[in-house]
Structures are given as C-alpha cells and as structure tokens.
Amino acid sequence: QKEVEQDPGPLSVPEGAIVSLNCTYSNSAFQYFMWYRQYSRKGPELLMYTYSSGNKEDGRFTAQVDKSSKYISLFIRDSQPSDSATYLCAMSLPTGANSKLTFGKGITLSVRP
Amino acid sequence: DVKVTQSSRYLVKRTGEKVFLECVQDMDHENMFWYRQDPGLGLRLIYFSYDVKMKEKGDIPEGYSVSREKKERFSLILESASTNQTSMYLCASTPGGQTYEQYFGPGTRLTVT
Chain V
1 QKEVEQDPGP LSVPEGAIVS LNCTYSNSAF QYFMWYRQYS RKGPELLMYT YSSGNKEDGR
61 FTAQVDKSSK YISLFIRDSQ PSDSATYLCA MSLPTGANSK LTFGKGITLS VRP
Chain W
1 DVKVTQSSRY LVKRTGEKVF LECVQDMDHE NMFWYRQDPG LGLRLIYFSY DVKMKEKGDI
61 PEGYSVSREK KERFSLILES ASTNQTSMYL CASTPGGQTY EQYFGPGTRL TVT
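Chains as they are written, first to last, in my numbering: chain V, 1 to 113; chain W, 1 to 113.
Don't read these hints as lab results, they were simulated from the structure.
Check the hints yourself; a few may be wrong.
Stated by the list, open to error - Chain V is nowhere near these chain W residues, computed Cβ spacing over 12 Å in every case: (1) Ser7; (2) Lys13; (3) Gly16; (4) Lys53; (5) Glu62; (6) Glu69; (7) Lys70; (8) Thr83; (9) Leu90; (10) Gln98.
Said to hold, decoys possible - Stretches of chain V that chain W covers, calculated by requiring three or more beta carbons in the stretch to come under 8 Å of a beta carbon on chain W: (11) 35-47; (12) 102-108.
Just so it is clear, the structure is predicted and the values come from calculations on it, not from any experiment.
Positions of the beta carbon are idealized from the N, C-alpha and C atoms, including for glycine.
Modelling step: build the complete structure from the supplied sequences, incorporating the hints.
The structure is reproduced here in structure tokens:
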C-alpha cells in the first residue's frame with residue numbers, strides 16, 4: 001500500500017461547481033497535511049496546510065483532516081476557471097528541520113467557463 | 001518573496017553525457033530538495049540537504065548525485081544521462097524547523113536522447 005493515495009483524475013467541472021479532492025494515507029504518524037497547487041509549467045505552491053485534525057477555511061477553499069479515517073479533503077466552492085491546475089496533497093511527520101514531505105500523485109482539475 | 005531559481009527551463013542532452021542542474025534560493029533556507037515529476041508517478045524525492053555539505057538520499061537516488069558547497073546553491077548531477085532520466089526536475093527549499101511549506105523553482109524539463 002502506498003503511503004499516500006490520491007484520486008488520479010482528471011476532473012472536469014463547470015464554473016461555479018463545488019469541487020471535492022481527496023487523499024488517503026497509511027502512516028498514522030503524519031501530523032502536517034498540505035495541499036499544493038501547480039499551474040501548468042510552474043512549480044507547486046502551498047495552498048493550505050493543517051496541523052493534526054480539523055478544518056481550515058481560506059476564502060473559497062476548505063481543508064479537512066480526519067486522522068481517525070486517515071483521510072484528507074480539499075473543497076473548492078464556486079469554482080473558477082482560474083482554479084484549473086494540478087492539486088497535490090502532501091504530508092509530513094512532526095520531526096525536525098530535515099523532515100520530508102510525502103506527496104500524492106496529484107489530480108488535474110479543469111473548470112469549464 | 002522567496003525566490004528559487006533553476007539554471008535552465010529546458011535542456012536536451014545525449015545519452016551518456018554528464019548533466020548539471022543548478023538551483024539557487026535567496027532566502028537563506030537551510031533545507032533544499034531535488035524532485036523529479038513524471039506523469040502518473042507524481043513528485044518523487046531524489047536527494048535533499050539540510051546543511052552545507054550535508055546530503056541525504058531520497059526515494060530514488062540511483063543514477064544521481066548532488067553537491068551543496070554553499071548554502072544558497074544545490075546542484076543535481078546526472079553522472080551518465082540515460083533516456084529514463086527524461087523528466088521534469090524540480091528544486092525546492094524550506095527554512096530549518098519548518099516542514100510544511102516548500103518553495104519550488106519553476107522546474108527544468110530535461111530530455112535525454
């Protein structure tokens with residue numbers, strides 16, 4: 001079983017739709033849970049992060065972590081064409097300075113005008 | 001703004017050539033990383049460094065080496081390029097003690113023919 005599994009996609013939705021992106025993981029020691037967004041021909045950028053369980057909201061974006069189920073989600077409300085990108089989930093251990101990130105494979109989202 | 005720059009956006013090399021990919025960050029970050037990104041495989045960690053002259057193997061170090069002589073610069077070396085090393089190479093950095101946000105460069109698309 002891979003450490004982090006992410007729905008492969010691609011995903012295409014109409015403008016204004018609610019989008020749900022999900023990842024599951026197997027390592028219960030993960031404490032930081034991140035969503036990165038990568039536009040075409042660019043490097044990934046951090047979109048949101050959550051420490052341990054719970055929800056975090058930032059504008060149209062909501063990140064949820066359920067550690068009991070080892071499941072994380074990113075919700076996008078009122079999706080816009082500018083949200084079209086690849087979204088990668090990532091996780092890390094609560095260790096020191098050289099802790100690595102473990103990434104999901106990413107899902108490509110296309111929002112149709 | 002944190003800036004991570006990579007020496008080339010596109011590179012074409014021949015099989016057997018020695019290839020150097022350079023990465024420079026301007027925010028005095030302790031940690032630097034090299035990834036490759038391939039369709040269907042996601043981001044895979046090749047090597048990382050948490051201090052000058054220090055390096056650690058990531059998940060797929062075979063066929064690669066790295067050099068970090070100065071804090072701001074992290075080089076990835078392909079000793080003898082092969083066609084299966086055709087990929088997008090991404091460099092990232094992060095300050096010491098912080099694990100969740102990695103700052104990525106724009107990537108180098110390497111083609112080995």
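Hint by hint, here is what the structure shows:
1. Ser7: 14 Å, holds
2. Lys13: 20 Å, holds
3. Gly16: Its Cβ never comes within 12 Å of chain V, the nearest being 28 Å, so this holds.
4. Lys53: The claim holds: Lys53(W) sits with its nearest Cβ about 14 Å from chain V, beyond 12 Å.
5. Glu62: Holds, because the least Cβ-Cβ distance between Glu62(W) and chain V comes to about 18 Å, which exceeds 12 Å.
6. Glu69: Answer for Glu69(W): holds, closest chain V Cβ roughly 18 Å.
7. Lys70: 18 Å, holds
8. Thr83: 22 Å, holds
9. Leu90: Label violated. Min Cβ-Cβ 6 Å, cutoff 12 Å.
10. Gln98: With a cut-off of 12 Å, Gln98(W) comes too close to chain V, as the shortest Cβ separation is near 8 Å.
11. 35-47: holds (count 6)
12. 102-108: holds (count 4)
The structure fails hints 9 and 10 (numbered hints given earlier, in ascending order).
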